[in-house]
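Asks: This is what each chain is made of:
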Amino acid sequence: MSELLDGMRQSWGLLAGSRSGVAVIAARTVLISGAATILAVLIGVPSGYAIARTRFRGRTLVLGFINTAMGMPPVVVGLVVWLLLVRSGPLGYLDLIYTRGAMVIAQFLIATPIVVGFTVASLQALPPRLPDLLAVLGAGRLRTIWLLAREAKLGLLVAVMAGFGGIISEVGASMTVGGNLERSTRVLTTAIVTETSRGEVERALALGVLLLALSFAVNLTLTVIQQRRRA
Amino acid sequence: MDVRVEGLRFDRDGRVVLDIRSLLLRGDRTTAILGPNGAGKTTLLRLIAGLEPATAGRVLIGDTVVRPRQRPDVAFVFQENVFLSQSVRENLELGLRLRRVPKHERGVRTDEAARLLGIRELLDRRADRLSGGEGRRVSLARAVCLRARVALLDEPLGGLDPATYARLLDELPRLLGAFGSTTVIVTHDHREALRLAQDVVVIVDGRVRAAGTKDEVVSNPGAAVVAEILGYTVIECDGHKAGVRPEALRPGPGPAQFRMTVDHLIDLVDHQEVVGSIGSVRIRVPLPRGLPAPKPGEAFLLHADRTCSLD
Amino acid sequence: MGGIVRGLCCVFAVVSALTTAAHARPQNAIVLATTTSTQDSGLLDVLVPRFEKESGIEVKVIAVGTGAALRMASTGDADVVLVHAPDAEKKYVGDGDLVEGRPVMHNDFVIVGPPEDPAGVRGSKAIAEAMKAIAARAGFISRGDDSGTHKQELALWAAAGVDPRSLAKREETGQGMGATLNVADQKRAYALTDRGTYLALRKRLGLTIAFEGDPTLLNIYHVYVVNPAKHKNIRIEGARAFVAFLVSPVIQQVIGDFKRQEYGQSLFFPDALPRRQ
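Sequence lines, in order, name chains A, B and C. Throughout the first sequence, residue numbering follows the numbering used here, covering 1 to 231 in sequence. Throughout the second sequence, residue numbering follows the numbering used here, covering 232 to 542 in sequence. Throughout the third sequence, residue numbering follows the numbering used here, covering 543 to 819 in sequence.
It should be emphasised that the hints constitute simulated quantities derived from the structure, not laboratory data. In this text, all values refer to a predicted model and were calculated from it rather than measured experimentally. One thing to keep in mind: the hints can contain errors.
As the list claims (entries may be wrong) - Far from chain A, some chain C residues (derived; all Cβ distances over 12 Å):
id: 1; residue: V588
id: 2; residue: K595
id: 3; residue: V606
id: 4; residue: T608
id: 5; residue: A611
id: 6; residue: S616
id: 7; residue: I683
id: 8; residue: G686
id: 9; residue: D687
id: 10; residue: A700
id: 11; residue: E714
id: 12; residue: T715
id: 13; residue: A726
id: 14; residue: D756
id: 15; residue: N775
id: 16; residue: F811
Claimed, not checked - What follows is a set of in silico ranges between Cβ atoms, one per label pair, in the way DEER data are often shown:
id: 17; chain 1: C; residue 1: T758; chain 2: A; residue 2: G71; range: 26 to 36 Å
id: 18; chain 1: B; residue 1: T286; chain 2: A; residue 2: I38; range: 38 to 48 Å
id: 19; chain 1: A; residue 1: L79; chain 2: C; residue 2: T617; range: 50 to 60 Å
id: 20; chain 1: B; residue 1: G443; chain 2: A; residue 2: R228; range: 35 to 45 Å
id: 21; chain 1: A; residue 1: I145; chain 2: B; residue 2: A287; range: 42 to 52 Å
id: 22; chain 1: B; residue 1: R300; chain 2: A; residue 2: P46; range: 17 to 27 Å
id: 23; chain 1: C; residue 1: P791; chain 2: A; residue 2: L83; range: 42 to 52 Å
id: 24; chain 1: C; residue 1: I604; chain 2: A; residue 2: P46; range: 47 to 57 Å
id: 25; chain 1: B; residue 1: P333; chain 2: A; residue 2: R228; range: 26 to 36 Å
id: 26; chain 1: C; residue 1: L747; chain 2: A; residue 2: G71; range: 56 to 66 Å
id: 27; chain 1: A; residue 1: G140; chain 2: B; residue 2: R356; range: 51 to 61 Å
id: 28; chain 1: A; residue 1: K153; chain 2: C; residue 2: A571; range: 24 to 34 Å
id: 29; chain 1: A; residue 1: K153; chain 2: B; residue 2: V512; range: 18 to 28 Å
Said to hold, decoys possible - Cβ-to-Cβ under 8 Å is the rule here; a few derived chain C residues that face chain A:
id: 30; residue: G607
id: 31; residue: A610
id: 32; residue: D688
id: 33; residue: K711
id: 34; residue: G716
id: 35; residue: Q717
id: 36; residue: G720
id: 37; residue: V796
id: 38; residue: D799
id: 39; residue: K801
id: 40; residue: Q803
Using N, Cα and C, we set each Cβ at its ideal position, and we do this for glycine too.
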């Protein structure tokens, strides 16, 4: 217990002094997961829109697949990406294994089903006649997409946050495809694993506190926006 | 501006939902489309609005063929209240903005529609948080301010509480004047249809079974199924069917008379009601004071001033 | 009211019984803190079940970096420690956390690298020369996890007069030996590894031995019991029994024979018995 308290106290010291690259690791974490989230949103939101708004053969199958993928263990995604990117793998020529690029790819693959799933859910929660209304009022295709997105913006925000939250706190895939290299691919979660196995409990805790603070900031932003909408 | 339907067919999942060889909805008049649930009334409205692609045939508004996604000049009031989560004013103006109506003109039209429907005090409220009745008025106002040449109203009085229903039913004829256009109302209630429209179209199972002015259609419904939709009680006597308005049945003999088997009587203080049946049809007839009351099981003679003979 | 109080008392009694049960360590179980490399070689999978069967004492193996293993001794969270970082061990022996130390066995470290040997390490006469060649011409992947292997690597850099922090192409994985060898393989870089892990993974890796045989590359394992006079609740009998088991002639023979058939060479050389000349 006293170790825990010591850890908390020391974590502030470590963060405040920004000793030995904690700030660098945090910034890198946000950059990698942020890039993966942006890509996941660019692909996932339009896909989610298409799935929510159109009827096609195999749609239920696609939705089932997405729901499964939303709960897929990240470390399995990491393993598959690792097998693709290693030198002997089919994409080995890209020379991406153990780079930030590899981490962005893996995190993108983890976040995209989450973004798609939440996008579909938020669009399906809109009044079913809304697209018809916009059509008879004279909205064109792009205008309709824009207005529907604006109506579903809270749900879409949740989609983005859920995607980001899912990958910033993920450790398995980042460790596997990034290699936890201290100067290029070490992020908060993998750093925590390393510090813990090193026995550097204080540093591990400091990083844990930082990770918690980051996801708290993200969730607080979301909650504030939600509450303002309700007021 | 006339709306013409030519050889229109619409299939869903391999089933024919609507099949209309030819139909004319006359300009600057109100037409009620009447039919049971699932007859294809709403589908017809959606095809006129270009919300669904026809399987075959076409719809013309004036000389213009309606094509999906081409913004026909129609106003549509949906069965459900649907709004963007914005103020009422923004919702009213959305259609005008999409039609590039100038800002000043938008304000004028919105205020006019709001005054007409008595919703001026709602203009700054959030549209997605209105009560059912308020929402209905805003939906109607949104259609009014478009000043479209064709207005399509899908069950405009559906799902309202009785008081709101009664008030809107009184106001609607005056509002339809404000649309100043060809108006088409879908309803399953013949009383609404007769109150609101000049022309009536009866659709059963996706086919037009009667069309014309309401006088023409009501005085000569033709088929028993059409007569029933128009509110007639269909009675079989002497081997042929006749349509009778239930309120036109009176005790006693007359030129058109029917024999009813009495089931029981109900005391309604100022008069009694005789409940019974003619064949398989249930009948209720008021019995004025002073007339001898029939006993259950007895035959009781009725007549009607007006009947129509059916195929 | 009385019923509620009685009910709460029942719940409290059950909960406290459960938590006590969960916290109490069985008298005949010991905690062994050791390094991941010991665990990874598979040697403990042979030794521990045999010890448990012979003594009736359960062994909970906690495999962590050497640093963490030693730390567990200093906080009294382990009963017995099997480690291979003699210099680091000295401090804990000096502080009185570790007592009754015995040498158990040794294996050795090797430098592995890409088969084409881009740094030209293969001709080196001594380890310092090899390390300088790597520093000058190639990448190096470090465990960076405070393990015995990591400490050995830092000592090698120091002996060669190279500051590892100054090397642009040296990276730390913060992971175990297997993961670190994977990275070295993919990055076409050199790495320091214990021979056992390298032999076990050799088939999948494109790495070959670039340098071996220097006396400083010996990896010596000691076993200690955690000082019961300094820490509470140390299972001293079980700990001593485990030490006695490891240094017994029969088990020393088992250690020497471990995987010799499979790899065609010994992974570990027993050290507890007087060397036969």
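Asks: Go through the numbered hints given earlier and state which of them the structure violates, listing their numbers in rising order.
Replies: 3, 4, 5, 6, 7, 8, 9, 11, 12, 13, 17, 19, 20, 21, 26, 27, 28, 29, 33, 36, 37, 38, 39, 40
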